[in-house]
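Novice: This is what each chain is made of:
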Amino acid sequence: ETGVTQTPRHLVMGMTNKKSLKCEQHLGHNAMYWYKQSAKKPLELMFVYSLEERVENNSVPSRFSPECPNSSHLFLHLHTLQPEDSALYLCASSRRVGWTEAFFGQGTRLTVV
Amino acid sequence: ELKVEQNPLFLSMQEGKNYTIYCNYSTTSDRLYWYRQDPGKSLESLFVLLSNGAVKQEGRLMASLDTKARLSTLHITAAVHDLSATYFCAVDIGGATNKLIFGTGTLLAVQP
Numbered sequence: 005e006t007g008v009t010q011t012p013r014h015l016v017m018g019m020t021n022k023k024s025l026k027c028e029q030h031l032g033h034n035a036m037y038w039y040k041q042s043a044k045k046p047l048e049l050m051f052v053y054s055l056e057e058r059v060e061n062n063s064v065p066s067r068f069s070p071e072c073p074n075s076s077h078l079f080l081h082l083h084t085l086q087p088e089d090s091a092l093y094l095c096a097s098s099r100r101v102g103w104t105e106a107f108f109g110q111g112t113r114l115t116v117v
Numbered sequence: 002e003l004k005v006e007q008n009p010l011f012l013s014m015q016e017g018k019n020y021t022i023y024c025n026y027s028t029t030s031d032r033l034y035w036y037r038q039d040p041g042k043s044l045e046s047l048f049v050l051l052s053n054g055a056v057k058q059e060g061r062l063m064a065s066l067d068t069k070a071r072l073s074t075l076h077i078t079a080a081v082h083d084l085s086a087t088y089f090c091a092v093d094i095g096g097a098t099n100k101l102i103f104g105t106g107t108l109l110a111v112q113p
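Sequence lines, in order, name chains A and B.
Just add 4 to the spot in the first sequence (first one is 1) and you have our numbering.
Just add 1 to the spot in the second sequence (first one is 1) and you have our numbering.
Don't read these hints as lab results, they were simulated from the structure.
Here a beta-carbon is modelled for each residue, glycine too, at the ideal position from N, C-alpha and C.
Hints may contain errors.
[Claimed, not checked] On the chain A side, residues computed to face chain B include the following (Cβ under 8 angstroms):
| hint | residue |
| --- | --- |
| 1 | Ser42 |
| 2 | Lys45 |
| 3 | Pro46 |
| 4 | Leu49 |
| 5 | Gly111 |
The following block holds chain B by itself, in its conformation from the complex (with noise of 0.2 angstroms):
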């Protein structure tokens, strides 16, 4: 069975600290996606790595692949309150109809 499964679910960090959210998949591929949701807000496309060793950074959150552990890694640093969200990751399994596989979410607080 497919599992996309991310580590912690929930992460309660304090501002200026650093942290690391784990993506693990159990299937090959070489695309993943990860998202950010707000409450009550839509998913916003973060990052989009698209092959193996691909790192990609935006301000305070970096973005890594290894597609030969199956894992990607999203990585914190200095955290600030506006971080606060629920992060997932996606895995792009492939095949003719644009299939995504969504992670459970981390639920990431950062206290002041």
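Just chain A, same shape as in the assembly (with noise of 0.2 angstroms):
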């Protein structure tokens, strides 16, 4: 248990559906982000969020759009998504922006049909 939930933990979703992944920092810390983890890919960051503030978006696709309405809380919420879309998208979450010391979820396995 690292202090950083998501959910679902698995999420099959077809290219017309809209869903929405979650996750949850239980560590008081300022910071969240999204990594995308593609098979023999190394893992991709797509978002840092600092005080509920975007400070960087690493050229994602529209079709991803995240929203941090607080900052013990991260959606990444997901619409037309293609199938190499599928990966494993983890959450992370660190004391504050440029404190790289990060706790990561377990990961939302996403497969998209």
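Both chains are sitting in their own frames, so use the hints and assemble them into the complex.
Specialist: Structure (structure tokens):
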């Protein structure tokens, strides 16, 4: 248990569906992140939030839409995804942006059919 | 282009043997992390290496950092089956947004 909880753990969705991934951290951290982990590729940083404000968007397609309503919760809204978006999506948090000791959630395994 | 390369990508080793995983990176950094990931589980932080020459040890694992050579190593001593997992190095490239660049990972399988 790392203090970062992601739901759901597994998700299968069609290309026309809309779904959301949820991340919650109980560590009192101010920074939260979304990473994508595809097979045989390094983890890719997608978004960075600092105190609910997005501070980085790494050229992620608009079909991925993050939301951070408060410093403990982070969402990733998904719509009209492609099969190549199938991956493990990992949420992480750290004390603050620039403090790179990050704690990761267990991830959501997403399959787009 | 920034690269973080791990070698080997897959390692099958017998219990009791020693081996080293290498992490080479292509940019200046003085901070490097090692993580472990078990199948279906989260990434677990193993080591934080904060300066040139840093060496840290925990149990059968020892990590070191040579910032001049842009190289980190994770040495496994007398491997046991419980060490089977995927190991990632991640390089902090600095800047305001906390950017970690991950290696591709090394899948370690320790055989009895």
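Novice: Run every hint past the structure and note whether it holds.
Specialist: The hints, checked one at a time:
1. Look at Ser42/A: its Cβ only gets to about 11 angstroms from chain B, farther than 8 angstroms, so that hint breaks.
2. For the restraint placing Lys45/A at the interface with chain B, the shortest Cβ-Cβ distance is roughly 7 angstroms, inside the 8 angstroms limit, so the hint holds.
3. For Pro46/A, the interface hint holds, the least distance from its beta-carbon to any beta-carbon of chain B being 4 angstroms, beneath 8 angstroms.
4. Residue-level restraint check for Leu49/A holds (minimum Cβ-Cβ distance to chain B is 6 angstroms; threshold 8 angstroms).
5. Residue-level restraint check for Gly111/A holds (minimum Cβ-Cβ distance to chain B is 7 angstroms; threshold 8 angstroms).
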